[in-house]
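With chain U's structure known, arrange chains R, X and F on it following the hints.
Protein chains in written order, with my numbering: chain U, 1 to 130; chain R, 131 to 260; chain X, 261 to 390; chain F, 391 to 520.
By construction, these hints were calculated from the structure, which means they are not laboratory data. Don't take each hint at face value.
[Claimed, not checked] A few chain X residues facing chain R, derived, Cβ under 7 Å:
(1) ARG269
(2) SER271
(3) GLY277
(4) VAL286
(5) GLU289
(6) GLU290
(7) LEU303
(8) VAL305
(9) THR326
Nothing here was measured: the structure is a model prediction, and the numbers come from that model. Here a beta-carbon is modelled for each residue, glycine too, at the ideal position from N, C-alpha and C.
Protein chains: 4
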Amino acid sequence: MFKYKIEPRLSETDGLGHINNTVLPVWFEEARKDLFRIFNPSLEVKTWNLILKRFEVEIVNQINHTSPVTIITYIEKIGEKSLIVQQEASQDNIKVASGKTVLIHFDYSTNTASEIPKEIRDRLNKHLVQ
Amino acid sequence: MFKYKIEPRLSETDGLGHINNTVLPVWFEEARKDLFRIFNPSLEVKTWNLILKRFEVEIVNQINHTSPVTIITYIEKIGEKSLIVQQEASQDNIKVASGKTVLIHFDYSTNTASEIPKEIRDRLNKHLVQ
Amino acid sequence: MFKYKIEPRLSETDGLGHINNTVLPVWFEEARKDLFRIFNPSLEVKTWNLILKRFEVEIVNQINHTSPVTIITYIEKIGEKSLIVQQEASQDNIKVASGKTVLIHFDYSTNTASEIPKEIRDRLNKHLVQ
Amino acid sequence: MFKYKIEPRLSETDGLGHINNTVLPVWFEEARKDLFRIFNPSLEVKTWNLILKRFEVEIVNQINHTSPVTIITYIEKIGEKSLIVQQEASQDNIKVASGKTVLIHFDYSTNTASEIPKEIRDRLNKHLVQ
Numbered sequence: 001m002f003k004y005k006i007e008p009r010l011s012e013t014d015g016l017g018h019i020n021n022t023v024l025p026v027w028f029e030e031a032r033k034d035l036f037r038i039f040n041p042s043l044e045v046k047t048w049n050l051i052l053k054r055f056e057v058e059i060v061n062q063i064n065h066t067s068p069v070t071i072i073t074y075i076e077k078i079g080e081k082s083l084i085v086q087q088e089a090s091q092d093n094i095k096v097a098s099g100k101t102v103l104i105h106f107d108y109s110t111n112t113a114s115e116i117p118k119e120i121r122d123r124l125n126k127h128l129v130q
Numbered sequence: 131m132f133k134y135k136i137e138p139r140l141s142e143t144d145g146l147g148h149i150n151n152t153v154l155p156v157w158f159e160e161a162r163k164d165l166f167r168i169f170n171p172s173l174e175v176k177t178w179n180l181i182l183k184r185f186e187v188e189i190v191n192q193i194n195h196t197s198p199v200t201i202i203t204y205i206e207k208i209g210e211k212s213l214i215v216q217q218e219a220s221q222d223n224i225k226v227a228s229g230k231t232v233l234i235h236f237d238y239s240t241n242t243a244s245e246i247p248k249e250i251r252d253r254l255n256k257h258l259v260q
Numbered sequence: 261m262f263k264y265k266i267e268p269r270l271s272e273t274d275g276l277g278h279i280n281n282t283v284l285p286v287w288f289e290e291a292r293k294d295l296f297r298i299f300n301p302s303l304e305v306k307t308w309n310l311i312l313k314r315f316e317v318e319i320v321n322q323i324n325h326t327s328p329v330t331i332i333t334y335i336e337k338i339g340e341k342s343l344i345v346q347q348e349a350s351q352d353n354i355k356v357a358s359g360k361t362v363l364i365h366f367d368y369s370t371n372t373a374s375e376i377p378k379e380i381r382d383r384l385n386k387h388l389v390q
Numbered sequence: 391m392f393k394y395k396i397e398p399r400l401s402e403t404d405g406l407g408h409i410n411n412t413v414l415p416v417w418f419e420e421a422r423k424d425l426f427r428i429f430n431p432s433l434e435v436k437t438w439n440l441i442l443k444r445f446e447v448e449i450v451n452q453i454n455h456t457s458p459v460t461i462i463t464y465i466e467k468i469g470e471k472s473l474i475v476q477q478e479a480s481q482d483n484i485k486v487a488s489g490k491t492v493l494i495h496f497d498y499s500t501n502t503a504s505e506i507p508k509e510i511r512d513r514l515n516k517h518l519v520q
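So here's chain U without its partners, still in its complex pose:
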């Protein structure tokens, strides 16, 4: 499991006074940074090898911009060419949102999905929670 701390921004609130729902996918992507490093240690775009297929976000509680948000990231399933990532955001020890993302191991030079190599798979397995 990866743990990541987000400092909410005033610009991420909306007129209703809380964090706008569209910010959650941004935070969840940032919180997947350590997962991305397993696939692409440098994080450089030239060697990027993942593509996002789909995501779901559920808002459980209104989120304020006044205190940090902690995001837990773990892997639900590892397929041949893809993986399912689960994430949970909490603020002041209360769960505020959850997210599920399907990522595909992807070769941008040929625009095709490709098998996840064994050494990456071994590292991913350590973050698999069932």
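Only chains R, X and F this time, still in chain U's reference frame:
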């Protein structure tokens, strides 16, 4: 069905050269503007009466910033206090993404869900696609 | 002079109820699209040939998300390798913000500024306001 | 002087491969958080008492999303009702951008500028760099 045209922004691309996935919920929220007007004609935040519960986004094709994106919005289901909205984004006549959003009719003064009034329900029914 | 219409987004408001100041550079960049087409007709990133050096934004009035914003873009000065762009945003016929941006004609393959070609300069001259 | 660390996001890059220029005002606003706390310790929007009048951003070097950015914030000038804030962003010990922002002490209930109280002024003075 509502139809809305988005002009993608250079700032919405990412280092991989296409529109970043986190932009889709922003576009889908913008494209729900006419739906929001059924609930709150002025769009003023003081009279806002919807809260987002969950959303799903599926990316079907890579999206460029160089041509407009058309978003179709319709209603899949109207519940007592909530509704399910379906959206489809296309670019150059090719489907690029779809989205599903659950919205709750909400009273921000009491922080509780409330029944969708009949006159709003009647107007929503015209956009129900089954 | 270029004229561009922006539809403000709910997600662009902040907790104070108006459009957050950080949104202005995003809108101004979007409104420079027709100017960008003079430099790079396809808008493709592979052939992009401008880099932003600096910008200033002044907020003149609070901006709402409930009505469109019109942005006027014109050129204040054309240098050998750079240009200064002026922009004015108005809402409901009231000026709400202004912006000034310095762009450099740039060769990304060598990472150096380069002279603005005569044919681009001729087209730019039509949008020069003194 | 305030020091603040930003973790750049993949979604903040653009198609040219670096952090898009429009992200700088967002980072600078986030990095002013400790300054905001002097004016409004809770950071709650209900008691917010500042409004942004203008800002300038200069990009000194291209910014990557692969390593953290450090932002230094200090005060250049304290007026009767306003202050000028200077900020500098660096990455891997190289200066990448600078920003200058004019903030006005503001009473949102009457929509007018108001004098900066002595106790806030005293605390601001500690961050004045001349």
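To see whether the hints hold, each was checked on the structure:
1. Restraint check, ARG269/X versus chain R: the minimum CB separation of about 5 Å is within 7 Å; hint holds.
2. Given hint, SER271/X at the interface with chain R, holds; its Cβ is 5 Å from that chain's nearest Cβ, closer than 7 Å.
3. Nearest Cβ of chain R to the Cβ of GLY277/X: about 6 Å, under the 7 Å cut. The hint holds.
4. A hinted interface residue such as VAL286/X counts as satisfied when its beta carbon comes closer than 7 Å to some beta carbon of chain R; here the least separation is about 6 Å, so the hint holds.
5. Annotation: interface hint on GLU289/X holds; nearest CB of chain R at approximately 6 Å, less than 7 Å.
6. For GLU290/X, the interface hint holds, the least distance from its beta-carbon to any beta-carbon of chain R being 5 Å, beneath 7 Å.
7. At a threshold of 7 Å, the smallest CB-CB gap from LEU303/X to chain R is about 5 Å, leaving the interface hint in force.
8. Restraint check, VAL305/X versus chain R: the minimum CB separation of about 6 Å is within 7 Å; hint holds.
9. A distance limit of 7 Å between C-beta atoms decides the matter here; for THR326/X the minimum to chain R is near 5 Å, and the interface restraint holds.
Going down the numbered hints, you'll see the structure goes against none, and every one checks out.
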